[in-house]
Amino acid sequence: MQPNDVAVNIPEVIQQIPLNYYLIFSTALFVIGIIGVLTRRNAIIIFMSIELMLNAVNTLLIAFSSYRSDPTGQVFVFFIMAVAAAEVSVGLAIIVMIYRNIRTIDVGVLNKLKW
Amino acid sequence: MNQFNTFLASFKNLTTAGYLFYGLGLITLISAISVVTAKNPIHSVLALIFTFFCLTGHYMLLNAQFLAIVNIIVYAGAIMVLFLFAIMFLNLKEEDEEAKTNVTKMAAVIVGGVLMVLLLSIFNYAPVGTYNPASFDAKTGLVERLGIVLYSDYILPFELASILFLVAMVGAVMLGKREAGDPHF
Chain A
1 MQPNDVAVNI PEVIQQIPLN YYLIFSTALF VIGIIGVLTR RNAIIIFMSI
51 ELMLNAVNTL LIAFSSYRSD PTGQVFVFFI MAVAAAEVSV GLAIIVMIYR
101 NIRTIDVGVL NKLKW
Chain B
1 MNQFNTFLAS FKNLTTAGYL FYGLGLITLI SAISVVTAKN PIHSVLALIF
51 TFFCLTGHYM LLNAQFLAIV NIIVYAGAIM VLFLFAIMFL NLKEEDEEAK
101 TNVTKMAAVI VGGVLMVLLL SIFNYAPVGT YNPASFDAKT GLVERLGIVL
151 YSDYILPFEL ASILFLVAMV GAVMLGKREA GDPHF
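First to last, the sequence lines map onto chains A and B. This note's numbering puts the first residue of the first sequence at 1, with every later residue one more than the last. This note's numbering puts the first residue of the second sequence at 1, with every later residue one more than the last.
Just so you know, the hints here were simulated from the structure itself, not pulled from any lab data. Since we're looking at a predicted model, the values are computed, not measured. All residues carry an ideal CB built from backbone N, CA and C; glycine is no exception. One should not assume that every hint holds.
Stated by the list, open to error - Straight-line C-alpha distance at most 30 Å; calculated DSSO-like pairs for lysine-lysine:
| id | chain 1 | residue 1 | chain 2 | residue 2 |
| --- | --- | --- | --- | --- |
| 1 | A | K114 | B | K39 |
| 2 | A | K112 | B | K39 |
| 3 | B | K12 | A | K114 |
| 4 | A | K112 | B | K12 |
| 5 | B | K139 | B | K12 |
| 6 | A | K114 | B | K105 |
| 7 | B | K105 | B | K39 |
| 8 | B | K139 | A | K112 |
To be verified - Among the chain B residues that face chain A by a calculated CB cut under 8 Å, a handful are:
| id | residue |
| --- | --- |
| 9 | G18 |
| 10 | A108 |
| 11 | S135 |
Stated by the list, open to error - Some chain A residues well away from chain B (every beta-carbon gap over 10 Å; in silico):
| id | residue |
| --- | --- |
| 12 | R40 |
| 13 | L110 |
| 14 | N111 |
| 15 | L113 |
| 16 | K114 |
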């Protein structure tokens, strides 16, 4: 066992939960996002599923960075959040424009480029 | 089976934080599933906001306080308000979305399940390691430590992010602007 003064500083979750469980948790979250993208036709819900996948990756990066005491992983998460915010603003503008032109956001209707 | 027994043994001597991890994890996955399955897009958005709050709890447990707060401000605040705005703007009705055929749905779920099994079986062989008690730094996720790294090693990407936001803002305004002949929704 570690001396008490060291163990006090380590968060309880890190002491008790193996890093593998965070891998399993993030994989499950990521797969839920993938299933959402594949099953839904509403463009906004597809977008939200992409956000879920981004958050699964964020969780895993933060878990690894906390367990290894390396702040670089958390800086990466910060940049992922910045890019996600920019992506959402442009993406929702595109969806609004699609709705204005064809009065629906069902991605099944957008088949003009189909061969 | 052996793994399961060690799991059960470890489950018995958990403290509150350990149980919080399992509870929060379960709630997160359930609300994530309801994001995907909800019929009404508004319920979907509310479930996604709830998922983000649960993930913030996870970040708190991992002692990443700065990102926990940023997650609430950026995701649960800004991004989800944008989603709600778009949905209320577009005035979607529930019957607007005709379901995909059951075959497509089943195929999608099977593809997702196969991917999950594949990833988990790969991770089973990955030596992820664990924390090092001697060199552990509890202050990793605090503003102080992250700020030093962000403003020294990652100063260029940080400044480029501002240009990205400027471009995104211009793009969103250009795309969303009503042209002369366009209808008012």
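Right, here's what the structure says about each hint:
A distance of roughly 28 Å separates the Cα atoms of A:K114 and B:K39; the hinted pair therefore holds under the 30 Å criterion. As the CA atoms of A:K112 and B:K39 are separated by approximately 27 Å, the hinted pair is consistent with the 30 Å bound. As the CA atoms of B:K12 and A:K114 are separated by approximately 56 Å, the hinted pair breaks the 30 Å bound. A distance of roughly 58 Å separates the Cα atoms of A:K112 and B:K12; the hinted pair therefore is violated under the 30 Å criterion.
Taking the CA atoms of B:K139 and B:K12, the gap is about 29 Å. The hint holds against a cut of 30 Å. Annotation: proposed proximity of A:K114 to B:K105 holds, straight-line Cα distance about 21 Å (limit 30 Å). Proposed proximity of B:K105 and B:K39 is supported: the alpha carbons are some 15 Å apart, at most 30 Å. Restraint check for B:K139 and A:K112: the C-alpha separation of about 53 Å exceeds 30 Å, so the hint is violated.
With a cut of 8 Å, the hint placing B:G18 at the interface with chain A holds, because the nearest CB-to-CB distance is about 4 Å. At a threshold of 8 Å, the smallest CB-CB gap from B:A108 to chain A is about 3 Å, leaving the interface hint in force. Checking B:S135 against chain A: minimum C-beta separation of about 7 Å stays under 8 Å; hint holds. Remark: the non-interface label on A:R40 conflicts with the geometry, its nearest Cβ contact in chain B lying 7 Å away (cut-off 10 Å).
Chain B leaves A:L110 outside its interface by the beta-carbon criterion, the shortest separation being 14 Å against a cut-off of 10 Å. Against chain B, the non-interface label of A:N111 holds: every CB pair exceeds 10 Å, the least being about 14 Å. The beta carbon of A:L113 is kept farther than 10 Å from every beta carbon of chain B, the shortest such distance being approximately 19 Å. Non-interface status of A:K114 relative to chain B is upheld: no Cβ of that chain comes within 10 Å, the nearest being about 16 Å off.
The structure fails hints 3, 4, 8, 12 (numbered hints given earlier, in ascending order).
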